[in-house]
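Chemist: In case you want the letters, here they are:
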Amino acid sequence: EAEVAQSPRYKITEKSQAVAFWCDPISGHATLYWYRQILGQGPELLVQFQDESVVDDSQLPKDRFSAERLKGVDSTLKIQPAELGDSAMYLCASSSSSSTGELFFGEGSRLTVL
Amino acid sequence: GEDVEQSLFLSVREGDSSVINCTYTDSSSTYLYWYKQEPGAGLQLLTYIFSNMDMKQDQRLTVLLNKKDKHLSLRIADTQTGDSAIYFCAANSGNTPLVFGKGTRLSVIA
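Chains X and P, in that order, give the protein sequences.
In terms of the working numbering, the first sequence opens at residue 463 and continues consecutively.
In terms of the working numbering, the second sequence opens at residue 1146 and continues consecutively.
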């Protein structure tokens, strides 16, 4: 069964360092999402791509976060510099153009900032 | 924008039914979803219901939708220890991204 791949699964870094997360969506899925999930909370959208274009990045803290999907396939989310409050699970999801809007999630990348 | 609310905790005995409740605010929500998250893992779609439906049943899962009250529930029959997880309600309308509740942690007591 096709899956959304994410790496790394776990990342520990010191504050002020740079971190990057990678996501490979299900083949053929045009829409890709990055969500952030703080412990004990639900996922919150950071950025949504349609192919290589950003559709919604209104909740992305653009002073330190950036996201790209240059060829409209895989995507990278970067944080520079990392802050203590960035500790969270970063979830990537993808969806096709089906009308149900179902999202398929990867296993996530857990970030701990020390 | 959409706001989704859930109770945070539910504890049931193995074999009993579990009912997880959710309310949402946007009456134009077209699809409503239930996702399951096990510790340290991503979210797995359990089921969804279209807004013109009142009920959907899928094996041990029953989803009830009260569109007038903007209330959604998930019933798990014959709850097993493997059902212990966090359950998220989510809603969207049209092309807007999914909005998730904070999740309900279901604990199943053997």
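Everything labelled a hint here was simulated from the structure, so no lab data went into it.
Where is the CB? At the ideal position from N, CA and C, for every residue including glycine.
Check the hints yourself; a few may be wrong.
Claimed, not checked - Here are the simulated lysine to aspartate or glutamate pairs, DMTMM-like style, with alpha carbons at most 20 angstroms apart:
#1 K1201(P) / E564(X)
#2 K1181(P) / E476(X)
#3 K1247(P) / E465(X)
#4 K1212(P) / E1159(P)
#5 K1247(P) / E545(X)
#6 K533(X) / D519(X)
#7 K1181(P) / E569(X)
#8 K1181(P) / E506(X)
#9 K540(X) / E564(X)
#10 K1201(P) / E1183(P)
#11 K1247(P) / D548(X)
#12 K1181(P) / D548(X)
#13 K540(X) / D519(X)
#14 K473(X) / E564(X)
#15 K1215(P) / E465(X)
What the hints assert, rightly or not - For each label pair, taking beta carbons as the anchor points, the in silico distance ranges come out as:
#16 K1213(P) / A480(X): 41 to 51 angstroms
#17 W484(X) / S1156(P): 30 to 40 angstroms
#18 G1160(P) / A480(X): 25 to 35 angstroms
#19 G1160(P) / G502(X): 20 to 30 angstroms
#20 R1205(P) / A464(X): 37 to 47 angstroms
#21 S559(X) / E1159(P): 18 to 28 angstroms
#22 G502(X) / N1166(P): 10 to 20 angstroms
#23 L501(X) / D1148(P): 45 to 55 angstroms
#24 S528(X) / G1146(P): 21 to 31 angstroms
#25 G490(X) / R1205(P): 26 to 36 angstroms
#26 D525(X) / T1226(P): 37 to 47 angstroms
Chemist: Now, for every hint given, state plainly whether the structure supports it.
Modeler: Outcome of the hint check:
no. : hint                                   : in the structure
1   : K1201(P) / E564(X)                     : holds (16 angstroms)
2   : K1181(P) / E476(X)                     : violated (31 angstroms)
3   : K1247(P) / E465(X)                     : violated (24 angstroms)
4   : K1212(P) / E1159(P)                    : violated (31 angstroms)
5   : K1247(P) / E545(X)                     : violated (23 angstroms)
6   : K533(X) / D519(X)                      : holds (18 angstroms)
7   : K1181(P) / E569(X)                     : holds (12 angstroms)
8   : K1181(P) / E506(X)                     : holds (16 angstroms)
9   : K540(X) / E564(X)                      : violated (26 angstroms)
10  : K1201(P) / E1183(P)                    : violated (23 angstroms)
11  : K1247(P) / D548(X)                     : holds (18 angstroms)
12  : K1181(P) / D548(X)                     : violated (24 angstroms)
13  : K540(X) / D519(X)                      : holds (14 angstroms)
14  : K473(X) / E564(X)                      : violated (28 angstroms)
15  : K1215(P) / E465(X)                     : violated (32 angstroms)
16  : K1213(P) / A480(X): 41 to 51 angstroms : holds (50 angstroms)
17  : W484(X) / S1156(P): 30 to 40 angstroms : holds (38 angstroms)
18  : G1160(P) / A480(X): 25 to 35 angstroms : violated (50 angstroms)
19  : G1160(P) / G502(X): 20 to 30 angstroms : holds (28 angstroms)
20  : R1205(P) / A464(X): 37 to 47 angstroms : violated (26 angstroms)
21  : S559(X) / E1159(P): 18 to 28 angstroms : violated (41 angstroms)
22  : G502(X) / N1166(P): 10 to 20 angstroms : holds (19 angstroms)
23  : L501(X) / D1148(P): 45 to 55 angstroms : violated (21 angstroms)
24  : S528(X) / G1146(P): 21 to 31 angstroms : holds (24 angstroms)
25  : G490(X) / R1205(P): 26 to 36 angstroms : holds (31 angstroms)
26  : D525(X) / T1226(P): 37 to 47 angstroms : holds (45 angstroms)
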